[in-house]
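Enquirer: Sequence:
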Amino acid sequence: MALSRFYAIRRFQRSFQTPHLPSEYSISFGSFHKTDAIYSHFPWFVLRRSIVSCSCTISSILRPDASRDGSGFTSRSSTKVAEFTICFSGSRSMSSVKAPAGARQVALKVTMLSPGFVYEPYKPREPISFWRRWFTRSGWRRTKEDLIMEMKSAYAINRLRKVAGYSKKLFYQHTLRLYKEINTLLAKGDTSSLRKVVTEKMYSTLKNELKRRESMWSSVHWELVEPVVSVRTLRARMIALDKNDLDKAFIQMTLEITAKQRFEAYNAKGAVVSGDKTKEVLVRDIWVFERSLFHPGADWRLCARLSV
1 MALSRFYAIR RFQRSFQTPH LPSEYSISFG SFHKTDAIYS HFPWFVLRRS
51 IVSCSCTISS ILRPDASRDG SGFTSRSSTK VAEFTICFSG SRSMSSVKAP
101 AGARQVALKV TMLSPGFVYE PYKPREPISF WRRWFTRSGW RRTKEDLIME
151 MKSAYAINRL RKVAGYSKKL FYQHTLRLYK EINTLLAKGD TSSLRKVVTE
201 KMYSTLKNEL KRRESMWSSV HWELVEPVVS VRTLRARMIA LDKNDLDKAF
251 IQMTLEITAK QRFEAYNAKG AVVSGDKTKE VLVRDIWVFE RSLFHPGADW
301 RLCARLSV
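Sequential numbering from 1 applies to the sequence shown in full-length UniProt numbering.
Think of the hints as simulated: they come from the structure by calculation, not from any bench.
Quick caveat, the model's predicted, so the values are computed rather than measured.
Fair warning: there could be bad hints in the mix.
As the list claims (entries may be wrong) - Cut-off 27 Å, straight-line C-alpha distance, at most; resulting in silico cross-link-like pairs (BS3-like, lysine-lysine):
| hint | residue 1 | residue 2 |
| --- | --- | --- |
| 1 | 269 | 144 |
| 2 | 279 | 260 |
| 3 | 243 | 180 |
Said to hold, decoys possible - Quick list of the computed label-pair ranges, beta carbon to beta carbon:
| hint | residue 1 | residue 2 | range |
| --- | --- | --- | --- |
| 4 | 143 | 212 | 25 to 31 Å |
| 5 | 215 | 283 | 19 to 25 Å |
| 6 | 151 | 306 | 37 to 43 Å |
| 7 | 113 | 138 | 38 to 44 Å |
| 8 | 134 | 229 | 31 to 37 Å |
| 9 | 158 | 207 | 54 to 60 Å |
All C-beta atoms, glycine included, are put in the ideal place defined by N, C-alpha and C.
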């Protein structure tokens, strides 16, 4: 009977004691920060009204070959893996704590740099005769579709002219410089400079093309014969992000560029394996250039190359 009473008293005393925490746990009470074993003997009724900030080191899991002491924790300096705050029962919820006076509210602002797709990619339309266009029901439907497409292009160019001051002549000069610059960077394999003049999705596509090319050819020579033969606008489209604010939009211009070029490819030994730089080849490219209307200092970038 006396022995059972003794064990009951010991269980009662242990209920008011906290288990020992290893020395690698740091406990902070207000302005106190200590890692000594003395603070691991605080009774639970003190901890219940406090917010304990703990930092746990578990390098023994990440490094199973590390030496261990008797407590099972690594004795050497370890990497801090996670920090967390434990609110014991009886403490106030963080959602009910008022922010201190003068605290700043930081909002997360996400900005779209590119839609990542081509809106209504250009495809050549099958020509129809005058009689079919004006004297058949299918011709009337076709005429209506063509008119809607032209109105979309006119509207996109009008918004571009209003917001960014569009000039057809200056736009063609700028895009032709981009055309030459991008092809030159591709020939050199300069991916770091290429990132600045193309969109993110196009950059990924061009990097994959360069990897495939490097597996076949060691280097290439590319040259544009100026002036170009012709350049014309095939389509213009606007992608609006907010229907209530049409200035928050992207403009995509599809251009047909016809130019004479010189091309030659070499292997690792410098021998010519494809092309001939002494001959001019007429090339017709359809490129889609994209520009933001709401980013400060936005410029035209290549977002797609179409095969038609």
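Enquirer: Decide, hint by hint, whether the structure agrees.
Expert: Hint by hint, here is what the structure shows:
1. 269 / 144: Cα-Cα ~58 Å, so violated.
2. 279 / 260: Holds, because 10 Å separates the two Cα atoms, which is no more than 27 Å.
3. 243 / 180: Judged against 27 Å, a Cα distance of about 36 Å means the pair is violated.
4. 143 / 212: 25 to 31 Å: Given a distance of about 43 Å, which is not inside 25 to 31 Å, the answer is violated.
5. 215 / 283: 19 to 25 Å: With Cβ atoms ~23 Å apart, the hint holds.
6. 151 / 306: 37 to 43 Å: At 22 Å between Cβs, range violated.
7. 113 / 138: 38 to 44 Å: The hint (38 to 44 Å, Cβ to Cβ) holds, given that residue 113 and residue 138 are roughly 42 Å apart.
8. 134 / 229: 31 to 37 Å: With Cβ atoms ~34 Å apart, the hint holds.
9. 158 / 207: 54 to 60 Å: 36 Å, violated
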